[in-house]
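Number of protein chains: 2
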Amino acid sequence: MIKIAVDTLGGDNGSGPVVEAIIQFLKEYKDVSIIAVGKKEELKKLEGVCEIVDAPDIVPMEAGPLEVMRMKNSSMYKTVMLAKEGKADAVVSAGSTGGFLSSSTLLLKTLPGVNRAAFVAPFPTKIKGHYAVILDIGASNENSAEELKQFALMGALYSEHILGVENPKVYLLSNGTEPKKGSPVGKEAYKLLSNYPFFKGNIEARNALNGEADVIVTDGFTGNIFLKSSEGMAKMMGGLFKDAFMKNLWTMLGYLHVRKGIKNISKIMDYKSTGGAMLLGVNGVVVKVHGNADTYSMFCAIRVAKKLVEKDISGKIKEGI
Amino acid sequence: MIKIAVDTLGGDNGSGPVVEAIIQFLKEYKDVSIIAVGKKEELKKLEGVCEIVDAPDIVPMEAGPLEVMRMKNSSMYKTVMLAKEGKADAVVSAGSTGGFLSSSTLLLKTLPGVNRAAFVAPFPTKIKGHYAVILDIGASNENSAEELKQFALMGALYSEHILGVENPKVYLLSNGTEPKKGSPVGKEAYKLLSNYPFFKGNIEARNALNGEADVIVTDGFTGNIFLKSSEGMAKMMGGLFKDAFMKNLWTMLGYLHVRKGIKNISKIMDYKSTGGAMLLGVNGVVVKVHGNADTYSMFCAIRVAKKLVEKDISGKIKEGI
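Chains as they are written, first to last, in the numbering used here: chain A, 1 to 321; chain G, 322 to 642.
Calculated from the structure, these hints are not laboratory results.
A portion of the hints provided could be inaccurate.
Once the Cα atoms are required to be at most 30 Å apart in a straight line, the calculated DSBU-like pairs of lysine-lysine come out as [stated by the list, open to error]:
#1 G/581 x A/235
#2 A/235 x G/568
#3 A/242 x G/449
#4 G/490 x A/235
#5 G/508 x A/235
#6 G/581 x A/128
Start from the sequences, fold in the hints, and give me the full structure.
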């Protein structure tokens, strides 16, 4: 039986959608038990459904590492502690990213051979059903070349064992394809990675999602810029197309003809279904959901946590690194 | 009379589209004279149309600074020399970015008070007709906080004088809006910029193109990632929508209803019309066009060069910095 601890507080939408997601999840998956952590009075619907741990405090969005570690009655701290004490195999939270990152790395520690944990997310590419794994997308502000090398190894293991890609192709995100291109740290990482057969060189941001790369390695700051620019542009384009369709009766009629195709695009671009960002490299399974997660996002995140436990991603990294 | 020197070699499509662009441009604008630099035998159509300078050599795409400076018979070197000698007010090239950057900065020098030149491009935003100025998008690989401050000043002057924005709002591209967010250099730049009333703080990549920011400041590596991710995503979304429309007769019928709206989107997203990237901070007007520039792109680039000379952007920066 896989045990997943879920932080029900800290998300922008309160505990409501989280409670719903837990109920739906336990209905669908019988081989998982969930521990819901949060304000007891908000979790009445879960009585008899799953274990409940009372934790009345919410870690504020902008909490620093020290603050989180002092908030021992917060839902987040208690959630992570369940993993530390071996009472949960995985933890899921939609709360403060910084807080979740600090509490997870400080309480669970990084795996041997891993200097820093990385947030990783599978990103839809131009090829239907193919995802590129991008890391780090924001756990760090800067990274050393050695850390980038470790990200490459972890990303390859993730792509292989979680996404089922045989011989994943790993690239460094850069401002040109030649080896001499890139940030100073990137150029150093290029050298360190040159001996690994999975490493295929630099890739430009423009081509990152064309389906060629299975894993894209970058420092946390650049990864955040990549993720957010792509998101922003996708949203802008989506909005422009929507405007074009909603102009008048004729254009709406046009929409009727292509709505299946458009829905298909939404499906391809649906970040929710990939279940948020996983913190790779810590001694445990840690899944961070968007702050504004709804029931569906939370459901998918718990499902990802389950898969990561089943596939023993931490064990694979421990072996592989 | 404004004099513009145009490098006709070095672009992926050869001198053909450049020659066409020059002919069209001189037909439309009578207050400009052009000096076409390139292989004499390829410029026969320009005889009697404009001045021709023979330069048979092409600077290779990946040329280093030393190599370019040694290629004194190259079209690029000769083009930039025309500006250095005061024979041209502006230079335009679709050739090697690195080569053009090196020859321009080494021959023309940076303006007093400017440590490093920056590539800048106006970027279409969600608001129709509004452009955000982003710099540096690739002249440097890394930048100091002082350089970012200078980029902010140059960007504000560009936005005001070239795009006609009153009191432009300047932001730093970052991974969060709070002052403590950002790369180490970014955080330092934040402090340096705090005293300037035009500076409005950090902006996330996701919101960079929502129309709020008139100028977005970033180091060259991050700027390249931002530009290319946005470009890549725009292309991917465009392709997905095209697929949706081209599926069958019904979906094509749908397209007929919205084609005006779709064409409008293409217009908004048309990078060609903004005329490539300008190298701000050098003592002269330097416009770099995409390597795969067609006649229309070259035409727009020459038009931008004309505007930059008319508005005396270099003089404005010299005063303002």
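request  = Taking the numbered hints from earlier one at a time, note which ones the structure violates and give those numbers from smallest to largest.
outcome  = Of the numbered hints, all hold.
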